[in-house]
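Chemist: Quick note, the sequences are listed as chains A and B, same order. Quick note: the first sequence uses the numbering used here, first residue 1, plus one each step. Quick note: the second sequence uses the numbering used here, first residue 1001, plus one each step.
Since the hints were made in silico from the structure, they are not lab data. This structure is a prediction, so every number in the text was calculated from the model and none was measured. Among the clues, some could well be false.
[Said to hold, decoys possible] Okay, the calculated bits of chain A under chain B, using three or more residues with CB under 8 Å as the criterion: (1) 30–43; (2) 162–171; (3) 266–274.
Heads up, the beta-carbon is just placed ideally off N, CA and C, and yes, glycines get one too.
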Amino acid sequence: MHGLTKFLKHAFLPHQGNNYRAKVLHHDSLTYIMGLLLITILIFRTTANTSFHRVLGASLNIQTQVLLADTNKERAHYGLNPLTLNKKLSEAAADKAHDMFAHDYWNHYSPTGTSPWYFFTKNDYHYLYAGENLAKDFSDSAKVVQAWMQSTKHRENILRSEYTEIGFAVEEGVLQGKPTVLVVQLLATPDPSYVPDTNASTQQKSNVLNATSAPSVQKAKLINTAVWGRNAMLFILTILICALAIDMYIFERQKMYRSTGKSVFHIVFLFVVIIGIVVINTGTII
Amino acid sequence: MKRVDLLLLILVTVIEIAVLFIAPIQTKKVSLFMYVAYYVSWSLLVHARTKTLSVKIVLEYFLLAAIAVAALQVLFITSL
């Protein structure tokens, strides 16, 4: 116990023994912290495509039923009709995701010029109006819909009153050299003038997909690297801020001079970085 | 330290925080790295003006900036 108290005092309190500067803020300590972070970066960069990453990888919780519920919740908020999950649209969305992984592109149009509408007709879905929203690198369903709603174009797409049906695909793969989870959302209004060759009423019924059996990605990994990474970085920066604050307070009381940087500005700087880590939602949408 | 230096840092910090809350994701990322670069340059300039610049201080600012950049990198890599 005495040893721990002595260590904490040496690490955080400026006194003669640490040259009147908290040991955590010494150059060697800062270098060790940076070295630790560099090793972490190296490990995750080199194992990005290996089974190690897949085992330790992000805990994904993207579920179609949540995406559907959140989308309809947003539409209800604007007094719009709820959308029905359509099997053909979900299959078209899955085809689109597979095509993106196969041709390695992050765009609405493939490098070969295939448009999003191709996947509708490929799956025998004939529409009057249609739209597509894409998202990647999200680990939570709610954040996907939230990100779409924060973007004007995607929000307009979700809130279009003409749409009556929707389809989702949540697919895992490697995109542009990085393990990626793609979310494809297809919205449409079926063409009522289109009459399929077979029994129309039976076909229509089979196209309604039960949300609970719809494709989703939900995995509990050994370590959730997304949460782990964020919390570890917040912990390190908070320790530094605490050390700077204690160091600044005690040193100001002693009214001595030392040749160091301004602790108050360091605190502000690290605080902004912490806000960045908390605020930044790493997924992207198009 | 001149008052204008302090005001400049406060202004840039406020803008950066606003950008972090309202800008698109890519802008947020770029602006954070730009803020780190700005903080180091600003500090070195202020210390140079007050004639308190030394290798020890330069190293301290660079180490803090490097920790911030590395922390952001870890965040971006581990997020998926």
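Chemist: Hint by hint, note whether the structure agrees.
Modeler: Okay, the hints, checked on the actual structure:
no., hint, result
1, 30–43, "holds (count 8)"
2, 162–171, "violated (count 0)"
3, 266–274, "holds (count 6)"
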